[in-house]
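There are 2 protein chains.
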Amino acid sequence: MQKKKWSLADIEVLEKKKRLHLINSCTGYKSANLIGSISSDGVENLAVFSSIVHLGSDPAFLGFILRPTTVPRHSFANILETGYFTVNHVNESIYKKGHDTSLSYPKEQSEFEIVGLTPEYQNDFIAPFVKEASVKIGCKYSSHYDIKENGTILVTGQIISIEAPVEAVDHDLFIDLSRANTLTINGLDGYAKTQTIERIPYKKL
Amino acid sequence: MQKKKWSLADIEVLEKKKRLHLINSCTGYKSANLIGSISSDGVENLAVFSSIVHLGSDPAFLGFILRPTTVPRHSFANILETGYFTVNHVNESIYKKGHDTSLSYPKEQSEFEIVGLTPEYQNDFIAPFVKEASVKIGCKYSSHYDIKENGTILVTGQIISIEAPVEAVDHDLFIDLSRANTLTINGLDGYAKTQTIERIPYKKL
Chain A
0 MQKKKWSLAD IEVLEKKKRL HLINSCTGYK SANLIGSISS DGVENLAVFS SIVHLGSDPA
60 FLGFILRPTT VPRHSFANIL ETGYFTVNHV NESIYKKGHD TSLSYPKEQS EFEIVGLTPE
120 YQNDFIAPFV KEASVKIGCK YSSHYDIKEN GTILVTGQII SIEAPVEAVD HDLFIDLSRA
180 NTLTINGLDG YAKTQTIERI PYKKL
Chain B
0 MQKKKWSLAD IEVLEKKKRL HLINSCTGYK SANLIGSISS DGVENLAVFS SIVHLGSDPA
60 FLGFILRPTT VPRHSFANIL ETGYFTVNHV NESIYKKGHD TSLSYPKEQS EFEIVGLTPE
120 YQNDFIAPFV KEASVKIGCK YSSHYDIKEN GTILVTGQII SIEAPVEAVD HDLFIDLSRA
180 NTLTINGLDG YAKTQTIERI PYKKL
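If you're matching them up, the sequences are chains A and B in order.
Oh and the first sequence: position 60 is 59 in numbering that gives the first Met the number 0, straight run, nothing missing.
Oh and the second sequence: position 177 is 176 in numbering that gives the first Met the number 0, straight run, nothing missing.
There may be inaccurate statements among the hints.
Identical copies look the same in the list; a pair holds intra-copy or inter-copy alike.
[As the list claims (entries may be wrong)] Using 27 Å as the maximum straight-line C-alpha spacing, the simulated DSS-like pairs for lysine-lysine come out as follows:
1. LYS95 - LYS192
2. LYS96 - LYS106
3. LYS95 - LYS17
4. LYS147 - LYS16
5. LYS96 - LYS192
6. LYS96 - LYS202
7. LYS15 - LYS147
8. LYS202 - LYS17
9. LYS3 - LYS192
10. LYS202 - LYS15
11. LYS147 - LYS17
12. LYS192 - LYS17
13. LYS2 - LYS192
Hints are computed from structural coordinates only; laboratory data are not their basis.
Just chain A, same shape as in the assembly:
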């Protein structure tokens, strides 16, 4: 198999867009989620994130990386103001609309309205979910960590509610994401669908 190789010196002199594509795609597939939030004065915000990461199961925590240089940090401001946010899986019927949330809009406009997705409120949970998503998580802001290397921020949240389609959930509560039609993100702008090969049976030496 013929290979393409880049050294540190090669990477450093790459044209900006090429470097963005190469570096964003080289770490493998990423989760495809829409984070929903609302400001204290009631303006909804929705933004696509590919950096959501599992932090722990008991208690249940997730994290995501906030970039300093991209869209204004309305999501983060809202999360700090209200203390809550939602995580909604991107599926094949909403990925184009979801991706459009990565463009820059004025703070007083709701991305739900602009891109054409429907805010859904559940019980007394303050942050909006995405009605069209099939897997939805309610989160409570926990804390954040400044990444000194480049000014990004790791935001952490406790998972306080989960919703998934019945037909995607196995008996042991594993959510088969291909049955939930959840997509995965490749680099900055690639969306891929998936097919489960197998679940590897647990073994202990």
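Using the hints provided, position chain B relative to the given structure of chain A.
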């Protein structure tokens, strides 16, 4: 579509394995990588990680989450000792062997040897790559952050070399991971293959 829902109270009383499966699968697809490292006395280590996350493109940084309660932290000890590690994409022909690195082995044994993957050394780079992987990244340890919520650690590294199959790299240096046969991880034990739907053309309002 019929839904299954879990509240915080439901999550807290779940049987341990069910909670592990539910919480590990609810955040969406994860990257599938093998981290290669070597101790200062020359013992190789290889471990599967699903938490590698993009941190920045210029300079190029990635991070990964280290769990406190899983396998002994040989990878982390090696990375601190030598300052370097490799990130190797899991593909369909090696995912079973790769997954076996998540079992617990004595520190003096090389997981490469135990699971049957081949260490590959490039130039003067100290850490071993996985010969059978098609996308391979060389990293220099940068720093780490203690996550106070649960004792996990975010380890950060600078990307100092990248290698990918020529046929998977687009003209703008986007690596199409489905053409590289890179897999993605669902939960703790699910492996999925992918098919690119599309790359969304860049637009600016």
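Going down the list of hints, with the structure as the test:
no., hint, result
1, LYS95 - LYS192, "both (14 Å within a copy, 22 Å between copies)"
2, LYS96 - LYS106, "within (18 Å within a copy, 49 Å between copies)"
3, LYS95 - LYS17, "within (23 Å within a copy, 33 Å between copies)"
4, LYS147 - LYS16, "within (24 Å within a copy, 36 Å between copies)"
5, LYS96 - LYS192, "both (16 Å within a copy, 24 Å between copies)"
6, LYS96 - LYS202, "between (42 Å within a copy, 13 Å between copies)"
7, LYS15 - LYS147, "within (22 Å within a copy, 35 Å between copies)"
8, LYS202 - LYS17, "between (43 Å within a copy, 17 Å between copies)"
9, LYS3 - LYS192, "both (26 Å within a copy, 23 Å between copies)"
10, LYS202 - LYS15, "between (46 Å within a copy, 17 Å between copies)"
11, LYS147 - LYS17, "within (25 Å within a copy, 36 Å between copies)"
12, LYS192 - LYS17, "both (24 Å within a copy, 26 Å between copies)"
13, LYS2 - LYS192, "both (26 Å within a copy, 22 Å between copies)"
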